[in-house]
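A.B. asks: Assembling the complex is the task here: the two chains are given apart, and the hints tell you how they should meet.
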Amino acid sequence: MSRLFMFEKPLGMRDTLPELYEKKHRVRSLMDETIKQWGYQFIDTPTLEYYETVGTASAILDAELFKLLDKDGHTLVLRPDMTAPIARVAAARLLENDLPLRLAYAGNVYRAQQREGGRPAEFEQIGVEFINDDTVSSDGEVIALLVSSLKKAGLNQFQVSVGHIGFAQELFKQILGTNGRANALRRFLYEKNFVGYREQVNSYSLSSIDKQRLLQLLELRGGEEVIGKALDIVEDGYGKESLIQLKELWEVVTDYGLKDFVKFDFTIVSHMSYYSGILFEAYAGNVGFPIGNGGRYGLIEKFGKKASATGFAVRLDKLLEAMGHQEVSNTVECIFFSQERRKEAFQLAETMKAEGKKAVLQDINGVKNLDAFTKKFANTTFLIGGA
Amino acid sequence: MNGNLTIAMPKGRIFEEALELLRKAGYSLPPEFDDSRKLILDVEAENMRFILAKPMDVATYVEHGVADVGIAGKDVLLEEERDVYELLDLQISACYLAVAGLPGTEMNDVAPKVATKYPNVAAAYFREQGEQVEIIKLNGSIELAPLIGLADRIVDIVSTGRTLVENGLVEFERIKDVTSRLIVNPVSYRIKDEVINELVTRLSGVVSLEVK
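Sequence lines, in order, name chains G and R.
When the letters of the first sequence are read in order and numbered with this note's numbering, they come out as residues 1 to 387.
When the letters of the second sequence are read in order and numbered with this note's numbering, they come out as residues 1001 to 1212.
So here's chain R without its partners, still in its complex pose (with noise of 0.2 Å):
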């Protein structure tokens, strides 16, 4: 078991891009892989279990041991502030955390609200624009909420901005870029070291090449 790595892997879009980077660091794994509905997914060869988790809590499982290593946003990790290693920038699914709203809108001056995913995210960072507002949270379809008057702003994920074009709404402020990251259990990171620091090495080969 010790030369097993468990690796959590974000389900959806974040999941195709993180399989195609492992398989051109060398890992092979099997192409029923994409389009498996399985939660569990194990490849003997590589001697790697990979557990498919909601994005968001990709950061939970390797927290807590269960998952050695884990794939997940910037977004998730300054939301949840996990004790965890954030060993490398995987420069995959690049995308950036935003504020966004009607145009031409002010926000409200007596109880200015905000709707969004990442209450801890905004949370600091209208805390640190001097900026007392109300955070609402939502799980899903963020932009509905300043067009039917639930808040004034939304703090959301943005990667091409059509959701918000198609839905009337603008970018006010950008708050911080988001790619992907490779992380890693801090107790993980010390037992297992010689097949994580493999994995780095491999990765950051290619996240490299990719970015030259």
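Just chain G, same shape as in the assembly (with noise of 0.2 Å):
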């Protein structure tokens, strides 16, 4: 092990400076006002987990989880998402009788990564949990609230693509059958792999017609136009269900007037075991991942109370990313003071906070730089020597 330099800082760990830390404020702030305009309660929840209960809950990859032990040999994890620790409360705290729930939060979340530079191993996420509610007018909500906040927050271009996690299973299922062979095709989906796919459809002794339908899953992305070349592949039963769900939604999100946002994509497979039914990601085009993404999970019954949840979470990092490069006006002014007039200089302080400007009070002594301290503020106020 090489000695460290002083100025070092774990792999994937990020420090906020000042004039970051001012854009986070305001983007965080911004959706926060959505969010909570929305009626949703904001709460926080420990850094610290059980890897037990949270960690092996978290819908985040096992190799991706910071451990730690506690004195009595309880292996802990830093917090990798917020929808687990929120799962945890709500089941054991929060959810009576069986009435649905606004949660949201803002905090920071731990993925460990050991590959390279351009992933933070830390960083802030803004979501909502809404729970005990199954329609999908919830699922809308969340939806809109995303779209909504994103755009509160200054993002103009970004497209939410949502899917069901019920069609691509339902319709490996009617014509597969086995649990085996769906899961292979499902696994090429969550890699991504399409080649993989189509030529493990192609091995399979199927009609030409199945292997076509099959085929044409990765076809069904864009407008409501999707759902109707969805409904010819598949037959009745959940995959159909799922459909109407969708169809629901793309009329939940016209009322809202939100659709130009949202598109469908069934290819959407963000995880192999995590969601339960609608699912969605969002992007924007000047980013090369996802800024977002949420939606309807069983998790909460991992913690003892069957609910049904839907969500979304958005990387405040990505968002910032997203938006480019913004002026954040300085406007901070200086009263630099000696002794003398002391006392005169603070009066002017307290008037200028009063009026709600930012003061910063300099004794003239302390600087050694006059000019170079100068440049750092919008203005300067001089009250020194004998008045």
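Any given hint might turn out to be false.
[As the list claims (entries may be wrong)] What follows is a list of derived Cβ distance ranges for each label pair:
no.	chain 1	residue 1	chain 2	residue 2	range
1	G	H25	R	R1127	39 to 49 Å
2	R	T1201	G	S205	20 to 30 Å
3	R	E1046	G	G356	48 to 58 Å
4	R	D1034	G	L48	37 to 47 Å
5	G	T374	R	N1139	20 to 30 Å
6	G	N202	R	R1023	27 to 37 Å
7	G	H25	R	K1137	50 to 60 Å
8	R	G1205	G	Q212	54 to 64 Å
9	G	E219	R	P1031	53 to 63 Å
10	R	R1174	G	N179	24 to 34 Å
Read the hints as simulated data drawn from the structure, not as lab findings.
Only a predicted model underlies this, so the values are computations on that prediction, with no experimental measurement involved.
Using N, Cα and C, we set each Cβ at its ideal position, and we do this for glycine too.
C.D. replies: This is the structure in structure tokens:
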């Protein structure tokens, strides 16, 4: 192990310096505000959780968890997402009388990574969980809130792609029967390997119609019209049910006036087994990774309560990247004082703060390079020497 | 910028075949393309920008989204496991990954060693065979390793097999067939869906012709 330089930080850890802090703060407040306006209540949960509970319930891969031991030998994890801790709290404390519950959060999550730069191991997520309401209206509300809060934050160009875990699942079951063969195809979708998917489909002894149905799944992307195309390839049952849900979802987002932001994509399989219904990802054109994602999940059952939930999480770092360069105007003014006029300076500062301005009080004798220091402020006032 | 497509191309052998394929698909790419030393080539007529990368790095550019699409060997995709869509088998630059070594040799019982440019592929392959081996990562001239006793076996790309023969090595097992693939960044795949769909349609048109 090489000796560390004093400036080094662990791989993937980042500092937030004042300018970035301001930007983050501004975007976070705008999103917070929107989420609160929709009546969601913010909660905080601990940074550390038990591996056995939250760690294993989380959708995040085991290899991506930061693990440590407490003094009794229990494995702890730095929370890899906020959904699992919230599911834990909701199941243990908040779910009463089967009522719908709207919760929100903004907090740092941790994902171990050893590969290379460009991926932070700690980043902030802002999101909501809408628990105990399994109507499509609730799926629609969460997507509409995602779109609204991103717009409010100042992002103009983005898209939410919506899929349904049930469609592919049911299509595979209808055509392939066995779980093994269905899982093989599901894995190819999950790995985004369409070449492998096609090869696998062609290797099965199926009628050419069935092969076509499986291959057409890859083409099911676009607007409302995709639902019709999907209806052609699936038989009655849960597959059709998933399309009815998506059709209704389209109507819901249309009624919200937000359908321009939404597209369907039946190939989205964000996770092998986590989501249980409608799921989605949000993309901005200039960032190579999704800025947010979400969907319906059954996770709360792992914590002992039967409740379905949906939610979204937005990555603040990716969102800021998507918004590009933004001038943060410096509005701080500086009052330089010397002993003689100190009281006057303090009074002036009080007046300025009362007017909503930001004022720094600086003893002139504390500054070695006055020119350089003055440049840091929007305005300066000198109250020095005998009055 | 929205209609603009950035394509990461592998430098070297695959580049020419990929270029030929794109031309067959009806993209008019200027002739000076072929022997330019520039790393970024803009083709305004097609609204495309080409970046020329090491074959092993193509998937990295695409995953990070600085290139929307790329042409990468399956060997690279297997080794790098990048989060990108593998949309199309372009059926060019066909070769395969294989295990090779000196003829008539056995693997060392105590600490069998395998030299390779593909440590992940090699490790996964031997693990699946139930064999515990030690992997030594090299960056080129892999054939040297068994000749001078660095490793018992090598895992490498074989296209004609000539390099193996000329160095007195033999192929023991074939791991996986390799061709070049069209890969796409997951965000670009959704945001630039129209341009990318067109690229896929045009390319798959010429690819299937080749096969028949």
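A.B. asks: State for each hint whether it applies.
C.D. replies: Each hint, compared with the structure:
1. H25(G) x R1127(R): 39 to 49 Å: 48 Å, holds
2. T1201(R) x S205(G): 20 to 30 Å: 28 Å, holds
3. E1046(R) x G356(G): 48 to 58 Å: Given a distance of about 54 Å, which is inside 48 to 58 Å, the answer is holds.
4. D1034(R) x L48(G): 37 to 47 Å: 58 Å, violated
5. T374(G) x N1139(R): 20 to 30 Å: Given range 20 to 30 Å: violated, Cβ gap about 54 Å.
6. N202(G) x R1023(R): 27 to 37 Å: 28 Å, holds
7. H25(G) x K1137(R): 50 to 60 Å: Taking Cβ atoms as reference, H25(G) and K1137(R) lie about 44 Å apart, which means the hint is violated.
8. G1205(R) x Q212(G): 54 to 64 Å: 18 Å, violated
9. E219(G) x P1031(R): 53 to 63 Å: Given range 53 to 63 Å: violated, Cβ gap about 35 Å.
10. R1174(R) x N179(G): 24 to 34 Å: 30 Å, holds
The structure does not agree with the numbered hints 4, 5, 7, 8, 9 stated previously, though it agrees with the rest.
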